[in-house]
Amino acid sequence: MSTLLEVNGISVTFDGYKAIRNLSFNIGEAELRAIIGPNGAGKTTFMDIVTGKTKPDEGKVIWGEMSRNLVGMNEARIAQAGIGRKFQKPTVFEDQSVRENLTMALQNKRGWSSVLFWKPSKADQNRVVELAAEIGLADELERTSGELSHGQKQWLEIGMLLAQEPRLLLVDEPAAGMTLAEREHTTDILKEAAKTRAVVVVEHDMEFVRRLECKVTVLHEGSVLAEGSLDHVTSNPEVIEVYLGR
Amino acid sequence: MKNRSFIARNPSILVFLACLGIFTLAVTIASEGFGLGLISTSFVKTLGKTLCLCLVAVAMDLIWGYCGILSLGHFAFFGLGGYMIGMWLMYERTRLIVTESMAAQEIPPTPQEVVDAIGTQIFGVVGSSEFPLIWSFAHSLTVQLILVVAVPGLLALVFGWLAFRSRVAGVYLSILTQAMTLALALYLFQNDSGLRGNNGLSGLQNLPGVTASQDVVSIWFLWASALALALGYLLSAWVVSGKFGSVIRGIRDNEARVRFLGYSVETYKLAMFTLTACIAGIAGALYYPQAGIINPAEIAPIASIYLAVWVAIGGRGRLYGAVIGAALVSLVSTYFTGGQAPDIPLGFYTISWVDWWTVLLGLTFVLVTLFAPKGIGGLFDLVAQRAAPDRHGADYGPDKGAKREEEGQ
Numbered sequence: 002m003s004t005l006l007e008v009n010g011i012s013v014t015f016d017g018y019k020a021i022r023n024l025s026f027n028i029g030e031a032e033l034r035a036i037i038g039p040n041g042a043g044k045t046t047f048m049d050i051v052t053g054k055t056k057p058d059e060g061k062v063i064w065g066e067m068s069r070n071l072v073g074m075n076e077a078r079i080a081q082a083g084i085g086r087k088f089q090k091p092t093v094f095e096d097q098s099v100r101e102n103l104t105m106a107l108q109n110k111r112g113w114s115s116v117l118f119w120k121p122s123k124a125d126q127n128r129v130v131e132l133a134a135e136i137g138l139a140d141e142l143e144r145t146s147g148e149l150s151h152g153q154k155q156w157l158e159i160g161m162l163l164a165q166e167p168r169l170l171l172v173d174e175p176a177a178g179m180t181l182a183e184r185e186h187t188t189d190i191l192k193e194a195a196k197t198r199a200v201v202v203v204e205h206d207m208e209f210v211r212r213l214e215c216k217v218t219v220l221h222e223g224s225v226l227a228e229g230s231l232d233h234v235t236s237n238p239e240v241i242e243v244y245l246g247r
Numbered sequence: 003m004k005n006r007s008f009i010a011r012n013p014s015i016l017v018f019l020a021c022l023g024i025f026t027l028a029v030t031i032a033s034e035g036f037g038l039g040l041i042s043t044s045f046v047k048t049l050g051k052t053l054c055l056c057l058v059a060v061a062m063d064l065i066w067g068y069c070g071i072l073s074l075g076h077f078a079f080f081g082l083g084g085y086m087i088g089m090w091l092m093y094e095r096t097r098l099i100v101t102e103s104m105a106a107q108e109i110p111p112t113p114q115e116v117v118d119a120i121g122t123q124i125f126g127v128v129g130s131s132e133f134p135l136i137w138s139f140a141h142s143l144t145v146q147l148i149l150v151v152a153v154p155g156l157l158a159l160v161f162g163w164l165a166f167r168s169r170v171a172g173v174y175l176s177i178l179t180q181a182m183t184l185a186l187a188l189y190l191f192q193n194d195s196g197l198r199g200n201n202g203l204s205g206l207q208n209l210p211g212v213t214a215s216q217d218v219v220s221i222w223f224l225w226a227s228a229l230a231l232a233l234g235y236l237l238s239a240w241v242v243s244g245k246f247g248s249v250i251r252g253i254r255d256n257e258a259r260v261r262f263l264g265y266s267v268e269t270y271k272l273a274m275f276t277l278t279a280c281i282a283g284i285a286g287a288l289y290y291p292q293a294g295i296i297n298p299a300e301i302a303p304i305a306s307i308y309l310a311v312w313v314a315i316g317g318r319g320r321l322y323g324a325v326i327g328a329a330l331v332s333l334v335s336t337y338f339t340g341g342q343a344p345d346i347p348l349g350f351y352t353i354s355w356v357d358w359w360t361v362l363l364g365l366t367f368v369l370v371t372l373f374a375p376k377g378i379g380g381l382f383d384l385v386a387q388r389a390a391p392d393r394h395g396a397d398y399g400p401d402k403g404a405k406r407e408e409e410g411q
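These protein sequence lines map, in sequence, to chains A and B.
Numbering-wise, the first sequence is residues 2 to 247 according to the working numbering.
Numbering-wise, the second sequence is residues 3 to 411 according to the working numbering.
Rather than coming from a laboratory, the hints here were simulated on the basis of the structure.
The structure displayed is predicted, hence computed values, not measured ones.
By construction, the Cβ of each residue, glycine as well, lies at the ideal position given by its N, Cα and C atoms.
One or more of the hints may lead you astray.
Examples of chain A residues lying across from chain B (beta carbon under 8 Å, computed) [stated by the list, open to error]:
hint, residue
1, D16
2, G17
3, E95
4, R111
With the hints as constraints, model all of the structure from the sequences given.
See the structure below:
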């Protein structure tokens, strides 16, 4: 499997606190990966660095065949390069309809002038309907997304990410606050998405991670503690010590 | 659903344009210049000016209500538009007067003598007769008309580029825009700024080469202002509809999310800032010929704050709200500050509205913000029986400028 994203020797310090220390790992094309770790392990900071929100003190983030270094690029450029991000809290544009939310995320030109004169093509409209069906919101297209339930908002956000057609999807705690049925649906969506692209899921919930049936990376104090199948890492004494033991 | 025409999706535009058309027609019929003489020419001018204020309020609503940037400097652009057209009006009118008086001389004046005489006429008041560099194109109406849009646009572009690129936002940006308009006003107050210092430009109500009376000219300007408002409203409504509108409303509510969707937030903000500055410039260029005079006091920081107050009272985030707010507040303000409102004697103290009007306005602003955040425009929701959302106190996004729960529909 060829490497899509290579995190190489990243370190970042916030006010003297080392949030990430010399973090390195790779993510392949069309791979589903779960990242687990206790609070403060650096999971969210890792996402911030990959998406350009936080600049690391040292290290590189190498992306794609062209091996571009993402460090130093701004958020919008990184998103355009093909990295989508889902936040912990569902963040959709609550004032706008499901259709508007999805349309905004569609893979189209992002420049202001092309957006100003943009008209939805038949293909675009079909894609929106298709996506809405995929995330179970086909009947809610014209509803203001602020009215949706918490779980529906989470799906809408995932739908927006899929609309972006990213090659790498970073998903921060997708199952937080969801009911059991919603969790199962979310697992299906993520597994389906991972067939055509890389998906990295940051999650606390062990049951949810187990259902994803994928390779797991355990972070602790800003670096990789263990990596492998869930059974493999959960039998690692160090992991039990820092994470599961508590 | 998606393929219906732009107007069909926004029926309020038609209603607005119809109201504006009827208003213009009614004023024309009742005016001294063209009809029954029920409305005095000075009041026609007030109404024409009000339409220009409505246009700049629409621009303010675009940048604040839709894009979430509380700019408190848009009157600088408005004023600059006025200065640009004022330069041509003053130059051309002075030239006509000077040429006429010199024609009586035995030796025909050389072109240089004419220019010098115009210079003396215009700049004598600030103790100079030289034309400053910025007057280079004052003789050309075409160039000055281009500058009406270009100068505010360019200032907004440079200012916005610097501010947005450094990700200045929220209250800091508001303060920065106040500083911008204050700095510009202070600069223009200087005699050597080239725009006649605190005297400003005057006599702008006289169109060079036009012999028609002010009764007629005032109606022309009313028409021009109404047309500009109609076009500006249409343009704004078009900009905020569709995907561009989605993106800028997204920026208002949650700009980080828009960034992660791959949109360059800074570029969009800059585009909106510049566009609204251009609209403000056009509004100013139509306003000041009706006012007759422009001076640096017009772009004092308070003017831009008033602009935000109008939009807030009218209802942020809906274009007709901005128009209603600007029209209502500025007309009521004219009534109170014009000395027409009767004073209220309290025995021990007499409430003179000229002094107390700002207090009343401030109080209204506070009350609207607290108890009716949708502003006057919110009344239309009552008519349309739109249910208010129950969001349990949550706003529509995490950003400072985000739509508030109370503003939802």
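Evaluated hints:
1. For the restraint placing D16(A) at the interface with chain B, the shortest Cβ-Cβ distance is roughly 20 Å, beyond the 8 Å limit, so the hint is violated.
2. Annotation: interface hint on G17(A) violated; nearest CB of chain B at approximately 24 Å, more than 8 Å.
3. Hint status for E95(A): holds, given a least beta-carbon distance of 5 Å to chain B, under 8 Å.
4. Interface hint at R111(A): satisfied, since its Cβ lies 5 Å from the closest Cβ of chain B, which is below the 8 Å cut-off.
Hint check: violations occur at hints 1 and 2; the rest are consistent with the structure.
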